[in-house]
Amino acid sequence: MTTPTTPRSTGTRATRVIGIAAIVMSAWLTLFGLVLSPADVAQGDAVRIMYVHVPSVWLAYLAFIVTAICSVWVLVARGRVPGVDRVAGASAEIGVVFMAVTLVSGMLWGRITWGVYWQWDARLTTTALLFITYIGYLAVRGLDGSPEQRARRSAVVGVVAVAEIPLVHWSVRLWRSLHQEATVLDTDLDVDIDGLMLFTLFVGVIAFTLWFVWFVLHRARVMALAALVEERSLDEALAERAAEVPAGGQN
Amino acid sequence: MPDLTPRPADPTPSRRRRRIGPILVLVAVVGFGGWVLTNLRTAVDYYCNVDEVGVRDGCDADRRLRLQGTVAEGSVVASTTRTEFDIEFDGVSVAVRYAGEPGGIFNECIPVVVHGVFDSDTELFLGDRVEVKHSDEYVSVNDERLTAAEESACSPSA
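Residue numbers (the numbering used here), protein chains in the order written: chain A, 866 to 1116; chain B, 46 to 203.
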């Protein structure tokens, strides 16, 4: 029996370039976010939390959208695209991490500006719901079944769950919320933000996007290696079992 | 030897029935979402504006409220045990007595949400929690527009 060659690393030249670019952009974000960008007239230095909070929630949305697109692909291919399924899972995992960063940074920002860490208003509640939904998605991925069954089952959840994103984004328009309305992703195109603050936000989005791509590539490759190990373990177990059977006899 | 001949497959639901199931689920989800958006509006809204007390459904003066308005300029009087100030919205003003010192970036001309009840005798709004509702505008402390922003800071917003 031939076994495929195991790669010695999940890194490639491309991921190394992306990783270095992510580190450089993160350094730029730190410089602009903590030093060069100005304080806000109402919030003071607390506004600097925005440079982590906003990019992290945008990247969480992007991650969940990537999961949904891959999930549609998996459903169309009836679960026979393990590589795409792994990207869906990896993207959801990274999205959950970004969403956790969003919630924690938002709570810290809220404590400084609103005076409270948390309130059950429309935006905060729907965001928490989105976070829990994708934890549920990851739990569904871990359920028993063949790889195809697991891929199809989680793909259904991945497609349905993404519908929550518009609800979260528009919650501050649909209902009255303690959370402010969108400043940049606003439909009236009236971007009320200082130029250097907006640029710093842009740097943050680039840095977080590079991290997202880097993490998803590595995580998907780790998943592929785990699947390979599982397959080899099964082959080895079968070989061991076959060796226990006496030659020419029945077990 | 156990019988290893393939068993007949379980009868699968008809194609029509398989199509109807997801469609019914989708209709139910969309219908429920529409019902939530239209009927639970006042229940999900986080606050009542000052001018809606006794006017809007769910904003009755005899119940516990979350009241939103802009802190009136020059109205803040702080003592060791309480803070008094007026909040206003769309030309209507309410006097607030808060037992403590408001947190966050509380200041004059900033929108706040006060949790509390009306005192039926004094018509004071007795607050036990104040949350600052900052706007979606971000202005640099060094910005030339600062003066203009300060001038318009007390304009109430929704």
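Just so you know, these hints were derived from the structure itself, not from any lab.
Yeah, the Cβ is synthetic: ideal placement off N, Cα and C, and Gly gets one too.
Where hints are given, some of them may not hold.
Every beta carbon over 12 Å from chain A, so not counted as near; a handful from chain B, in silico [unchecked claim]:
#1 Gly-78
#2 Ser-124
#3 Glu-129
#4 Asp-135
#5 Gly-148
#6 Phe-163
#7 Ser-165
#8 Asp-181
#9 Ser-185
Label pairs and their computed distance ranges (CB to CB) [stated by the list, open to error]:
#10 B:Arg-108 with A:Glu-1013: 53 to 63 Å
#11 B:Arg-108 with A:Asp-1009: 47 to 57 Å
#12 A:Phe-1064 with B:Trp-80: 39 to 49 Å
#13 A:Ala-1047 with B:Trp-80: 43 to 53 Å
#14 A:Phe-1064 with B:Leu-69: 48 to 58 Å
#15 A:Leu-1063 with B:Asn-152: 38 to 48 Å
#16 A:Leu-994 with B:Leu-69: 15 to 25 Å
#17 A:Leu-1063 with B:Gly-119: 29 to 39 Å
#18 B:Val-121 with A:Ala-886: 45 to 55 Å
#19 A:Leu-899 with B:Val-70: 31 to 41 Å
The hints, checked one at a time:
1. Gly-78: violated (8 Å)
2. Ser-124: holds (19 Å)
3. Glu-129: Nearest chain A Cβ is 17 Å from B:Glu-129, so the label holds.
4. Asp-135: holds (14 Å)
5. Gly-148: violated (3 Å)
6. Phe-163: holds (20 Å)
7. Ser-165: holds (26 Å)
8. Asp-181: violated (4 Å)
9. Ser-185: violated (4 Å)
10. B:Arg-108 with A:Glu-1013: 53 to 63 Å: holds (55 Å)
11. B:Arg-108 with A:Asp-1009: 47 to 57 Å: Once the Cβ atoms are compared, 51 Å apart, the range 47 to 57 Å for A:Asp-1009 and B:Arg-108 holds.
12. A:Phe-1064 with B:Trp-80: 39 to 49 Å: Because 43 Å falls inside the window, the suggested range holds.
13. A:Ala-1047 with B:Trp-80: 43 to 53 Å: Since the Cβ atoms of A:Ala-1047 and B:Trp-80 sit about 26 Å apart, the hinted range of 43 to 53 Å is violated.
14. A:Phe-1064 with B:Leu-69: 48 to 58 Å: Between A:Phe-1064 and B:Leu-69, where Cβ atoms are some 50 Å apart, the hint holds.
15. A:Leu-1063 with B:Asn-152: 38 to 48 Å: violated (25 Å)
16. A:Leu-994 with B:Leu-69: 15 to 25 Å: With Cβ atoms ~23 Å apart, the hint holds.
17. A:Leu-1063 with B:Gly-119: 29 to 39 Å: Given range 29 to 39 Å: holds, Cβ gap about 34 Å.
18. B:Val-121 with A:Ala-886: 45 to 55 Å: holds (49 Å)
19. A:Leu-899 with B:Val-70: 31 to 41 Å: For B:Val-70 against A:Leu-899, whose Cβ atoms are near 49 Å apart, the range 31 to 41 Å is violated.
Violation of the numbered hints given earlier is confined to hints 1, 5, 8, 9, 13, 15, 19; the remaining hints are satisfied by the structure.
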